Amino acid sequence: MSIKNTEITGQIRKELEELTASIGKMMDVFRQIRQPIQESSDKVPTTTKQLERVTQQTEQATQKMLDIVESITNRESDIIKAVGQLKKTIQEGGVANNSGIEKLFSDIQANADANLNDTMVIMEALQFQDITSQQIEHAVSQLEDIDTKLKALLVTTGAKKDVSLADPVRKSRAFDPNANYAVDHTTHQQDVDELISNIRKP
Amino acid sequence: MPDLKILAVDDSPTMRRIIVNTLKRAGYEDVAEASDGKDALAKLKTDKFDFIITDWNMPEMDGLTFVTAVRSDPDLKGLPILMVTTRSVKEDIMQAIKAGVNNYIVKPFTPETIAEKITQVIASA
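So the protein sequences, as listed, match chains Z and L.
Per this note's numbering, the first sequence starts with residue 1, numbered consecutively.
Per this note's numbering, the second sequence starts with residue 1, numbered consecutively.
Treat the hints as calculated values from the structure; they're not laboratory data.
Every value quoted in this text rests on a predicted model; they were computed, and no experiment measured them.
There may be inaccurate statements among the hints.
No farther apart than 20 Å at their CA atoms in a straight line, the calculated lysine to aspartate or glutamate pairs in the EDC-like style are these [unchecked claim]: (1) L:K45 - L:D92; (2) L:K24 - Z:D184; (3) Z:K171 - Z:E76; (4) L:K90 - Z:D191; (5) Z:K87 - Z:E70; (6) Z:K81 - L:D50; (7) L:K90 - Z:E76; (8) L:K90 - Z:E92; (9) Z:K25 - Z:D42; (10) L:K5 - L:E60; (11) L:K24 - Z:E39; (12) Z:K171 - L:D39; (13) L:K98 - Z:E92; (14) Z:K171 - L:D50.
Anything over 12 Å on all C-beta distances counts as not near chain Z; from chain L, calculated [to be verified]: (15) D50; (16) D62; (17) K77.
Label pairs and their computed distance ranges (CB to CB) [said to hold, decoys possible]: (18) L:M94 - Z:D184: 22 to 28 Å; (19) L:K24 - Z:Q109: 18 to 24 Å; (20) L:E91 - Z:S141: 17 to 23 Å; (21) L:G100 - Z:S71: 37 to 43 Å; (22) Z:I90 - L:P74: 55 to 61 Å; (23) Z:S71 - L:I122: 27 to 33 Å; (24) Z:A182 - L:A123: 24 to 30 Å; (25) L:M94 - Z:D67: 19 to 25 Å; (26) L:S124 - Z:E39: 40 to 46 Å; (27) Z:G84 - L:M1: 17 to 23 Å; (28) L:K48 - Z:N198: 31 to 37 Å; (29) L:A123 - Z:I90: 53 to 59 Å; (30) L:K48 - Z:Q142: 58 to 64 Å.
Heads up, the beta-carbon is just placed ideally off N, CA and C, and yes, glycines get one too.
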C-alpha cells in the first residue's frame with residue numbers, strides 16, 4: 001500500500017468515526033424528544049374532547065335560553081291579543097274615551113311590544129353559539145392535524161410501529177375558519193349588499 | 001305578505017331554531033327544517049316548498065353543493081334561495097351568487113335583515 005493510500009484510508013476512517021458519533025448524538029436527541037412527542041400526541045385527544053364538550057354545553061345552555069325566550073314570546077303575544085280584546089270589550093260597554101283607561105292600555109301594549117322586541121334581540125345574540133362553535137371546530141381540526149403529524153414523527157423515529165396515521169373515529173367537521181361574531185353586523189351586511197349589487201350591475 | 005312554505009337548512013340546531021322563530025315573528029308560520037344539503041334534498045323530493053334558506057358550512061352536503069344540486073334539478077331550479085352564513089369573504093359571496101343563490105346574509109343577522117331579504121327575493125322572482 002502506498003503512503004498516499006494509507007493517508008486516504010486514515011482520513012476515511014476518521015470521517016466514518018465522526019459520522020458514527022454524529023449519528024449516535026442524533027439518536028440520543030431522538031430518544032430525548034420521543035417522550036415529549038408521545039406526551040403531546042397523547043394530550044391532543046383529551047384537549048379535543050374538552051373543546052367538543054364546550055360546544056355541547058354551550059349548545060345545551062343556548063337551547064335552554066331559547067326555551068325561555070320562546071315562552072316569553074308566546075306569553076307576550078297572548079298579552080297583546082288579550083289587551084286588544086279587553087279594549088274592544090270596554091269600548092263596546094260604553095267606557096270609551098276614558099283617558100285613564102286608554103293610557104293604561106297603551107302602556108301595557110307598549111311594554112308587551114318592547115318585551116317582544118327584546119326577545120328578538122336575545123335570539124339575535126344567541127347566534128354567538130353557532131359562530132363560536134365553528135371557531136372551536138376549526139381549533140379542533142388544527143389539533144387533529146398536529147396529532148397526525150406527531151404520530152407520523154413517532155413512526156419515523158421508530159418510537160411507534162403500530163400507529164395508524166388516519167384516525168377512523170374522527171368525525172367530519174364543517175366550519176368556516178374565518179367565522180366571526182361581529183358586534184356591528186348591520187354595517188357588515190351593508191358591505192355584502194353593496195358587493196352583490198356591484199356583481200349584478202350590467 | 002305572501003303565504004310561503006319555507007325550508008330552513010342549517011346543521012346547527014340553535015341556528016335552525018333562531019331562524020324558525022325569526023321567520024314566525026316576521027309572519028312566516030309554515031317553516032320546515034333540514035340539517036344539511038342531503039337532508040334538504042330528500043325533503044324537497046317529498047314535499048313542496050316555496051322558499052329555501054340555507055347555511056354554507058354543513059357536513060354531508062354543504063350549502064354550495066346543495067344550491068348547485070337544486071339549480072340543476074328541473075323540478076326545483078326555480079326555487080328562490082337565500083344563503084345565511086358566516087362566510088363573508090368577497091370570493092365566497094361571488095361563488096355563491098355564481099352557484100345561483102338569490103341573496104346572501106352574513107351571520108349574525110338581525111330579524112329585520114332576514115324579513116327584508118325574503119321580501120326582496122320574492123319581489124324580484
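Each hint, compared with the structure:
The hinted pair formed by K45 of chain L and D92 of chain L fails the criterion: a straight-line CA distance of about 28 Å is larger than 20 Å. With a C-alpha separation of about 24 Å, the suggested pair K24 of chain L and D184 of chain Z falls outside the 20 Å cut-off, and the hint is violated. Restraint check for K171 of chain Z and E76 of chain Z: not satisfied, since their Cα atoms lie roughly 42 Å apart, outside the 20 Å limit. Restraint check for K90 of chain L and D191 of chain Z: the C-alpha separation of about 10 Å stays at or below 20 Å, so the hint holds.
Taken as a hint, the K87 of chain Z and E70 of chain Z pair is broken in the structure, with Cα atoms around 26 Å apart against an allowance of 20 Å. In summary, the hint linking K81 of chain Z to D50 of chain L is not supported, as the alpha carbons are separated by about 29 Å, beyond the 20 Å threshold. Restraint check: the Cα-Cα separation between K90 of chain L and E76 of chain Z comes to about 41 Å, which exceeds 20 Å; the hinted pair is violated. Of the supplied pair hints, the one linking K90 of chain L and E92 of chain Z is violated, its CA atoms being roughly 59 Å apart against a limit of 20 Å.
Only pairs whose Cα atoms come within 20 Å are accepted, and K25 of chain Z paired with D42 of chain Z is rejected, the gap being roughly 26 Å. In summary, the hint linking K5 of chain L to E60 of chain L is not supported, as the alpha carbons are separated by about 24 Å, beyond the 20 Å threshold. Of the supplied pair hints, the one linking K24 of chain L and E39 of chain Z is violated, its CA atoms being roughly 52 Å apart against a limit of 20 Å. Only pairs whose Cα atoms come within 20 Å are accepted, and K171 of chain Z paired with D39 of chain L is accepted, the gap being roughly 18 Å.
Taking the CA atoms of K98 of chain L and E92 of chain Z, the gap is near 59 Å; set against the 20 Å cutoff, the hint is violated. Under the criterion of a C-alpha separation no larger than 20 Å, the hint pairing K171 of chain Z with D50 of chain L is inconsistent with the structure, at around 33 Å. Distance check for D50 of chain L against chain Z: the nearest CB is about 22 Å away, which clears 12 Å, and the non-interface claim stands. Listed as outside the interface, D62 of chain L is inconsistent with that label: its C-beta sits roughly 7 Å from the nearest C-beta of chain Z, within the 12 Å cut-off.
Non-interface call for K77 of chain L relative to chain Z: holds, since the shortest CB-CB distance, roughly 19 Å, exceeds 12 Å. Judged by the Cβ atoms, the range 22 to 28 Å given for M94 of chain L and D184 of chain Z holds: they are separated by roughly 23 Å. In this structure the supplied range 18 to 24 Å holds for K24 of chain L paired with Q109 of chain Z, their Cβ-Cβ distance being about 20 Å. One distance hint, 17 to 23 Å for the beta-carbon pair E91 of chain L and S141 of chain Z, holds here, with the actual separation near 21 Å.
Between G100 of chain L and S71 of chain Z the CB atoms are about 39 Å apart, so this pair conforms to the stated range of 37 to 43 Å. Remark: the range hint 55 to 61 Å for I90 of chain Z to P74 of chain L is upheld by a beta-carbon distance near 58 Å. Under the hint 27 to 33 Å, the C-beta atoms of S71 of chain Z and I122 of chain L, about 31 Å apart, fit the expected range. At roughly 27 Å, the beta carbons of A182 of chain Z and A123 of chain L sit within the given window of 24 to 30 Å.
A hinted range of 19 to 25 Å for the beta carbons of M94 of chain L and D67 of chain Z is inconsistent with their spacing of about 39 Å. At about 59 Å, the CB distance of S124 of chain L to E39 of chain Z disagrees with the hint of 40 to 46 Å. At about 20 Å, the beta-carbon gap between G84 of chain Z and M1 of chain L stays in the expected band of 17 to 23 Å. Between K48 of chain L and N198 of chain Z the C-beta distance comes to about 35 Å, which sits within the given range of 31 to 37 Å.
Separation of A123 of chain L from I90 of chain Z is about 41 Å and departs from the stated range, judged on CB atoms against 53 to 59 Å. For the pair K48 of chain L and Q142 of chain Z, the beta carbons lie near 43 Å from each other, so the given range of 58 to 64 Å is not met.
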